[in-house]
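K.L.:
Sequence:
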Amino acid sequence: MKKYIMAAALVMGFAAAANAQENKLVVKPSGRILMDAAFLNSSNKAVDEQCVDGVNVPDIRIGMKVSYGKWEGKADIGYARGSVSPKDIFIQYNFNKQNFLRGGYFVHQFGYQSATSSSFKVSMEEPETHSAFGVGGRLVGLMYEHSDDKFMGTGSIYTDAQSFKKQTNLTGYQGSGFLTRLVYHPLIEKGNLFHVGIGLNYELAAENRSNMEFKAPYPVRVAGINAIGAKITDAKNDFKFSGELMAAKGHVGIEGQYIFMNVDRKGDAKSYNAWGAYGNLRFLLNNEYEYVKNDAGIATPAPKSWEFVAAYNYTDMNDAKAGFHGGKLSDWALTMNYYINKYMIWRVSGHIVRAGESDYSGFNKNTFRVIETRLQFKF
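Under numbering that gives the first Met the number 0, read the sequence shown as residues 0 to 378, first letter to last.
A couple of the hints might just be wrong.
[Said to hold, decoys possible] Okay, derived cross-link-like pairs now, DMTMM-like style, lysine to aspartate or glutamate, Cα gap no bigger than 20 Å in a straight line:
#: 1; residue 1: LYS44; residue 2: GLU356
#: 2; residue 1: LYS377; residue 2: ASP148
#: 3; residue 1: LYS96; residue 2: ASP147
#: 4; residue 1: LYS235; residue 2: ASP267
#: 5; residue 1: LYS248; residue 2: GLU188
#: 6; residue 1: LYS269; residue 2: ASP358
#: 7; residue 1: LYS230; residue 2: ASP263
#: 8; residue 1: LYS364; residue 2: ASP318
#: 9; residue 1: LYS235; residue 2: GLU188
#: 10; residue 1: LYS230; residue 2: ASP267
#: 11; residue 1: LYS230; residue 2: ASP315
#: 12; residue 1: LYS320; residue 2: ASP263
#: 13; residue 1: LYS86; residue 2: ASP294
#: 14; residue 1: LYS248; residue 2: ASP148
#: 15; residue 1: LYS327; residue 2: ASP47
Honestly, the hints are just simulated from the structure, not real lab data.
All chains, full assembly: derive it from the sequences and hints.
P.N.:
As structure tokens, this is what we get:
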């Protein structure tokens, strides 16, 4: 897999030499700040001890975007909670307005949540189904994307995220995979939207199985508390399938996604299966929903827009036949979003989460409640 990534990278280099021309270098600063406050509690005593009310700044980023002719790049560094961590680091070659090739460390397209960054989730935090199955994190690799008035498709080859942080003699074989997202969007006019899509992902296990641990936290970042999860120490590979649906008419929009995962294990061990789904019902009071073709999703509403979102998520990580009790989770949420201006959003969200049957998290039954608010600034 790595030789294909290297070959594609060389192609990008040759393209640069073949198309060298005098263009203007454009450098733009970028950044974001998230400021959260939350009140939370839990019915399980052990979990409730971790439910500490308070405030937090879960994300601070400073970076830059650079463009030169058909080339562009991005470097984003996070400084949240006193630690430095790389975020999006990539170089991109734009063949034309409909096609590009991107290489580096970034979030590859898989499923509907790929349409928005972590700070633009309409229910404030990413649905547990999407985070549970490890499809939202950054990976080192190459992604090709095509988008037009009817179709958006991506294909990626990648290695595990640890290849960005550690040398191979420390990790052993780092794992590798392929993923794709294919979306058909026949209706993309303002106030009249529809799309349907699928995603496929096949991944080989790293030597240390670091990429075969799947977990979902409770939907709050003021405190970090794990809800459900499973760690597969004898995995060979995993396969994921995603189906997604989006529609909007005027001021009302719906979004939904289903994910199924199968992990093939060594020897005679039975494969591990898990699944989950979520849906969002969105109401935009003083505007109509619009579409973004490149990301294949509903665009961020215009400034001064008020939005209310009702959301439900169900995730099942139990597979008794395979001997895993990762847990089950249901999340009901209501969120208010006010899009202050082009750069600022204010959110207020409430979640009731029922989770249990989890050997991974160590509790059988729990009801988690949180009311949280966020002021975010991004440029």
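K.L.:
Give a verdict on every hint.
P.N.:
Evaluation of the provided hints:
Taking the CA atoms of LYS44 and GLU356, the gap is about 16 Å. The hint holds against a cut of 20 Å. A C-alpha spacing of about 28 Å is found between LYS377 and ASP148, which places the hinted pair above 20 Å, so the restraint is violated. In summary, the hint linking LYS96 to ASP147 is supported, as the alpha carbons are separated by about 9 Å, within the 20 Å threshold. At most 20 Å may separate the alpha-carbon atoms for a hinted pair to count; LYS235 and ASP267 meet this at roughly 12 Å.
Pair hint LYS248 plus GLU188 holds up; C-alpha atoms about 10 Å apart against a cutoff of 20 Å. For the proposed pair LYS269 and ASP358, the alpha carbon gap of about 18 Å is at most 20 Å, so the pair holds. Restraint check for LYS230 and ASP263: satisfied, since their Cα atoms lie roughly 13 Å apart, inside the 20 Å limit. For the hint linking LYS364 to ASP318, the alpha-carbon distance of about 17 Å falls within 20 Å, and the restraint holds.
Simply put, LYS235 and GLU188 have alpha-carbon atoms about 45 Å apart, too far for the 20 Å limit, and the pair is violated. Proposed proximity of LYS230 and ASP267 is supported: the alpha carbons are some 18 Å apart, at most 20 Å. With a C-alpha separation of about 14 Å, the suggested pair LYS230 and ASP315 falls inside the 20 Å cut-off, and the hint holds. Only pairs whose Cα atoms come within 20 Å are accepted, and LYS320 paired with ASP263 is accepted, the gap being roughly 13 Å.
This hinted pair checks out: LYS86 and ASP294 have alpha carbons roughly 19 Å apart, not beyond 20 Å. For the suggested pair LYS248 and ASP148, the alpha carbons sit about 18 Å apart, so the restraint of at most 20 Å is met. Proximity of LYS327 to ASP47 is assessed by CA-CA distance (about 18 Å); at most 20 Å being required, the pair is judged to hold.
Hints 2 and 9, counting from the list given before, are not met by this structure.
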